[in-house]
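Colleague: Counted the way the UniProt record's numbering counts, the sequence shown spans residues 1 to 169.
None of these hints come from the bench; they were simulated from the model.
Think of the CB as a built atom: it goes at the ideal place given N, C-alpha and C, for glycine as much as any other residue.
Fair warning: there could be bad hints in the mix.
Label pairs and their computed distance ranges (CB to CB) [unchecked claim]:
hint : residue 1 : residue 2 : range
1    : S134      : Y81       : 42 to 48 Å
2    : K2        : R141      : 42 to 48 Å
3    : E153      : Y44       : 23 to 29 Å
4    : N16       : N107      : 14 to 20 Å
5    : N110      : D130      : 21 to 27 Å
6    : Y118      : Q20       : 29 to 35 Å
7    : E23       : D130      : 29 to 35 Å
8    : R141      : Y44       : 27 to 33 Å
9    : K7        : D130      : 26 to 32 Å
10   : K84       : D130      : 28 to 34 Å
11   : S5        : V135      : 34 to 40 Å
12   : E153      : D62       : 39 to 45 Å
13   : N110      : K24       : 25 to 31 Å
In silico BS3-like cross-links for lysine-lysine, where the CA-CA straight-line distance does not exceed 25 Å [to be verified]:
hint : residue 1 : residue 2
14   : K84       : K146
15   : K82       : K7
16   : K145      : K84
17   : K2        : K24
18   : K146      : K124
19   : K24       : K84
20   : K163      : K151
21   : K2        : K124
22   : K160      : K71
23   : K82       : K71
24   : K66       : K150
25   : K150      : K64
26   : K160      : K146
27   : K163      : K145
28   : K64       : K24
29   : K160      : K66
30   : K82       : K160
31   : K71       : K124
32   : K163      : K66
33   : K2        : K145
34   : K24       : K146
35   : K2        : K84
36   : K150      : K160
37   : K124      : K66
38   : K64       : K160
39   : K84       : K150
40   : K84       : K124
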Amino acid sequence: MKIISRKLALTHLAINEIMQCSEKDINNILFADYLNEEGEHIEYSNIFNDSVQDFLLNYFIDIKLKGYSNKYLQQFLTALYKEKFSVIGDEDILEMCPCCHYLTLTNRGNYDVCPLCYWEDDGKSYNELDSYSSVNNSTLRVYRKKFEEKKFELDNIPYKSGKISYPEI
1 MKIISRKLAL THLAINEIMQ CSEKDINNIL FADYLNEEGE HIEYSNIFND SVQDFLLNYF
61 IDIKLKGYSN KYLQQFLTAL YKEKFSVIGD EDILEMCPCC HYLTLTNRGN YDVCPLCYWE
121 DDGKSYNELD SYSSVNNSTL RVYRKKFEEK KFELDNIPYK SGKISYPEI
């Protein structure tokens with residue numbers, strides 16, 4: 001069994017994800033309105049520039065792959081290299097999404113969108129099932145039910161579950 005750091009495992013996955021992106025996807029990432037440390041807009045002219053490549057890698061590791069579990073990373077590396085891996089390092093500490101119950105949110109109530117079920121966290125309680133959420137155009141109960149139906153189509157969920165069993169829908 002190979003032992004690998006979480007950072008290196010995330011780097012492998014990030015490179016794989018970047019390679020699967022279309023040119024349009026890359027351009028959408030690069031030409032968004034990003035600012036450097038001085039607050040100035042970052043301009044990109046060549047996607048093969050080292051600083052652009054570093055930006056893409058860090059963007060995927062820090063944003064797109066945030067919250068991925070070590071177990072998921074181990075499964076990815078094992079499938080990629082056909083060899084067992086153990087990933088060591090602290091996983092991100094995240095909050096549980098009130099809809100899907102996976103640990104995907106940096107903070108509760110900040111209108112972050114869950115990358116798994118796409119519920120926009122408006123700060124409502126997990127128990128406010130029938131309270132209409134204007135940002136989600138739905139109640140939590142209806143949105144949760146739709147996610148449960150789609151969940152079975154997902155192959156391998158990269159996030160840790162925050163709850164063992166779901167309340168009645």
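Colleague: May I ask which of the numbered hints given earlier this structure violates, with the numbers listed in increasing order?
Modeller: The structure breaks hints 3, 4, 6, 7, 8, 9, 10, 12, 14, 16, 17, 19, 21, 31, 33, 34, 39 and 40; every other hint is satisfied.
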